[in-house]
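Asks: Sequence:
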Amino acid sequence: MSHYDEPAKRLMGKGHLACVSFAGGRAFPRRKNLFYDDDRVKNDVQYLSHYKKNIEAAENPQQTSAAALSADWYRNAAAYISPPRSRPISRFYRPTFVPDENLSYYEPPASPTKRTGSTSSQSQRSAETSSTARTERQSSLKEDGSEDTEARSIRRKKKRQEEARLAEQKALEGQAEIEKKKEAAREAELARQEKLAQEAALERQKEIDRKAELARQAEEEAERQAELERQEAERKAEAERQAELE
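Residues 1 to 246 (UniProt numbering) make up the sequence shown, in order.
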């Protein structure tokens, strides 16, 4: 049982009862608000059970690991969740077996037979053979591991060289594209300047032709005026001659 606060209400008057107030024709209780938490016991049981289980697991780890492999294995998610990886595995990753020299391999015990000289020597030879085979197997695994490491390093080196070659080729292509654009812009500028020069030459030729035409017209006008003056002079002379004859 707990108490919770209720926000203050406005416009609530006092009534004649100690536990009731009236406002707007309605009655409102004045006693403290109380509620019962029925889930408190259940929550406490679950809380304590959780910690009790963890405490028991810390005290008996072997029993916990055995229980993880029991019939209720599906209830324990930690029994089949793989450990976190430090980094994601590439799809080109191939696991390499690294043998441990301190690792002892299982050897089945010898059958309880009567040991004689020949039997002991035979068992010693078989032990030497097995140890030799184990040594050869470990050395072959080491060689395979070193070969795999060398092959991976060679592949990485080739990949880096290929990436550098592609980057250089891309840079050269970009430079060639820039040079091509510059050359095209230069040719366009030369063509524009040549066109402007041709237009200027045409304008100069037109101006020369216009001036020549004006000079020719002026010359013709002068000749016409001279002809008119000559005709006028001849007419006056003829008129004077006629006047003298009369």
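Hints were generated in silico from the structure; no laboratory data involved. Please read these numbers as outputs of a predicted model, since none were measured by experiment. A couple of the hints might just be wrong.
[Unchecked claim] Below, in silico cross-link-like pairs of lysine-lysine (DSS-like), each with a Cα-Cα straight-line distance of 25 Å or less:
1) Lys170 with Lys159
2) Lys170 with Lys182
3) Lys180 with Lys170
4) Lys180 with Lys159
[Said to hold, decoys possible] Restraint-style ranges between C-beta atoms, simulated for each label pair:
5) Glu244 with Gln217: 53 to 63 Å
6) Ala184 with Arg210: 32 to 42 Å
7) Ala167 with Arg192: 30 to 40 Å
8) Gln138 with Ala58: 45 to 55 Å
Positions of the beta carbon are idealized from the N, C-alpha and C atoms, including for glycine.
Asks: Going through the earlier hints one by one, which of them does the structure break, listed in rising order?
Replies: 4, 5 and 8
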